[in-house]
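S.K.: From first to last, the protein sequence lines are chains A and B. Residues 371 to 842 in my numbering are what the first sequence spells out, letter by letter. Residues 47 to 285 in my numbering are what the second sequence spells out, letter by letter.
Watch out, some of these pointers could steer you wrong.
[What the hints assert, rightly or not] Derived pair list, reagent style DSBU-like, types lysine-lysine, alpha-carbon separation capped at 35 angstroms:
(1) A:Lys719 to A:Lys786
(2) B:Lys166 to A:Lys719
(3) A:Lys608 to B:Lys213
(4) B:Lys222 to A:Lys608
(5) B:Lys222 to A:Lys786
(6) B:Lys75 to B:Lys213
(7) B:Lys278 to A:Lys786
(8) A:Lys719 to A:Lys736
(9) A:Lys786 to A:Lys736
(10) B:Lys166 to A:Lys736
(11) A:Lys608 to A:Lys736
(12) B:Lys75 to B:Lys222
(13) B:Lys75 to A:Lys786
(14) B:Lys166 to A:Lys608
(15) B:Lys222 to A:Lys719
(16) A:Lys461 to A:Lys736
(17) A:Lys736 to B:Lys213
[As the list claims (entries may be wrong)] According to the in silico footprint, chain A covers these stretches of chain B (three or more CB under 8 angstroms from chain A):
(18) 127-138
(19) 150-164
(20) 174-180
(21) 235-244
If you are wondering where the hints come from, they were derived from the structure by calculation, not from laboratory data. As the structure is a computational prediction, the values presented were derived from the model and not from experiment. We put the CB at the ideal spot given by N, CA and C, even for glycine.
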Amino acid sequence: MLLPRVAPTSDRSRGTRAVVANGVGKAVLNLRRLTRGGGSALPGLVAERIDPRMVSRLVAQLPEGVIVVTGTNGKTTTTKMIVAVLEAQGKTVLTNRSGSNLSRGVASAILERSAWRGRLLEDIAVFEVDEASMPAVCEQLRPSTVVVNNLFRDQLDRYGELDTTAAVIGRAIAGLDGSATVCLNADDPLVASLARYGDRPDIRWFGVDAEGVERLDHDAASDSDHCPQCGHALDYTKAYYSHLGHYRCPDGHVERPTPELSLTSFESIDVHDGASRLTVDVEGDSISIVLPLPGLYNAYNALAAMCAMRSRGVALHDATDALSHVTAPFGRVEHVDVHGRGLRIILVKNPAGFNQIIQTFLGHPKGTRLMLAINDGLADGRDLSWLWDVAIEDIAPCEFVLCTGGRAADMALRFKYAGAEADVVPDMVEGIAELLRRTPEGEEAEVLANYTAMLELRALLDSQATLKRFWQ
Amino acid sequence: MTYALTITHLYPVEMNIYGDRGNVLTLCKRMEWRGITANVVDVGVGEPFDPSRTDIVFAGGGQDRGQVAVGLDLQSRTDALLEAAEAGVVMLVVCGTYQLFGRRFQTLEGHDIPGIGLFKADTIGSTQRLIGNVTIETRWGPMVGFENHSGQTTLDPGEAALGDVIKGYGNNATDKVEGALHHNVHGTYLHGPVLPRNPAFADHLIGTAMRRRYDVELLEPLDDTLERAAAKVVMDAPR
């Protein structure tokens, strides 16, 4: 986009320019919608070029301010949960539903909903924000609530080390307004260490105290299980998954904070469609929720959402109904019917997330038909070393395992060294065709895909023309 | 005759974020498939370890925080590791530990982390992070991997590299060589992890250890079709 950068002008002309800037952004958005759909970052880019302060001015009009959700896994789901609860309270909510979570994506969402004259009509905004974009976005939006759910290794070739990511989020937290609330996962030592940034009186902790939560035998995805201060390995009395659990530095530097919001029981009640029963204790009160989403990872998302809502004065009893109707976002867990075969499609992006999928869906022997679609696109992270830290050994014996995508051979090699056989079909059209051939009509199969493989897969499955090609 | 080798995995907790434990798994499986028992011993910071009594030492890459703790711990093991290296113990050290097997690692902030000086090499932190797919030519044939390091390592003249760079950076942005080799100690920046997709190199490590322990080197060949297919994807991929 070759728009000239407009030089800063005097304050007197600024009001006019904000209106112009907004108009330009909106026009671009409408054009993109008409021509191709998507393109959620472009209008934000144009508007930022014209008046970088416009977004700040727009969100400052929101009477109930801004909630920002960040962390490696579960941002989209947590954001969706918070929006659902707020809407159930009768509030109008501005959000970046599309998962477009860099600062430009957030600006786009704001522009899209602002009227031509540069006003937002919603009560409150909830945005999921990429970890690396936190300082810029928080500076611009001045959120009154920030939620950090977890920090796992993810795309080390793009984002660098996990400690660096934590420091970036810490910088954003240090720059928040004094009145802002920060909701942190007490069970993640690196997230908990964020409490030391800035002089922040209002920290709200959430965590898991449930008994009987199993850990995978081969969970090697503990990325931050050493003391953030002295580097010594932390002692764990409970270890749920990755580095989440109840920990303590042997030299006493850090200890898991006691959460005000605590999950005291977790029960998987429908693994097929994905539902769990949660008991959440808060200040002596016990609340039961049936969450229509599977896995402990979604329980953490629900805790994060409830923690944010509580900081806003929403009674948790009022939040449970909305949470019991929330659905999974795009690609997280989707059921698709293809030629009479039921495919459950699940996004896997990093060892912690992949292991949670294994624990939730693939740990019990049931003759799973399994396909893995793995690419090495820029948006996936081009380094696939992390596949070797996934607990493939904990996948129960499958009827078959098919690997497809550009890095199908790497995935199959990982299975080979886990003692399981996997077949390689790099071309995704052929891969899907093979999956359908091997899956009898009326039966089901699991499809795990990383990000660009998921996009490719969905595009193929959505196209009737390609659906026919599967039978050629 | 039954054969058994001991693999010592140094710092599995501190240096663990780049999938390098796949290297230990690869050694174990390739031994197991040939009827060689693999005994893996994990050794963390502060834990006792006699390098002269093991067959293969492995250590991987980690975050800077882990590297500081590991650097201090390695200092206490310098003499033992140098003696074991002279005695021919097989070692593979990747990325962060490779840097600490050199003389020193000077971080971008100017901190000096002393290494054990097993390799005649210095590493200097750089603002340029070297990231991408790598192919190198070695005595075991072409090898592939993924590099991701901001430290740039320079070998002294005469110090042997692991291979010549065909694609990617290697030790630093200019020298076009990758890794280091001293007796049976192998240092490399290659992640991926390095061993699964480079089976000839993995077998060289096992074979060398078998020759030392049992005076046999004839390893039964394995079917490496899948390993080669995965390596070819990297060779054909852009940097």
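S.K.: Check each numbered hint from earlier against the structure, then list the numbers of those it violates in ascending order.
M.R.: Of the numbered hints given earlier, those the structure breaks are 2, 3, 4, 10, 14, 16, 17, 18, 19, listed in rising order.
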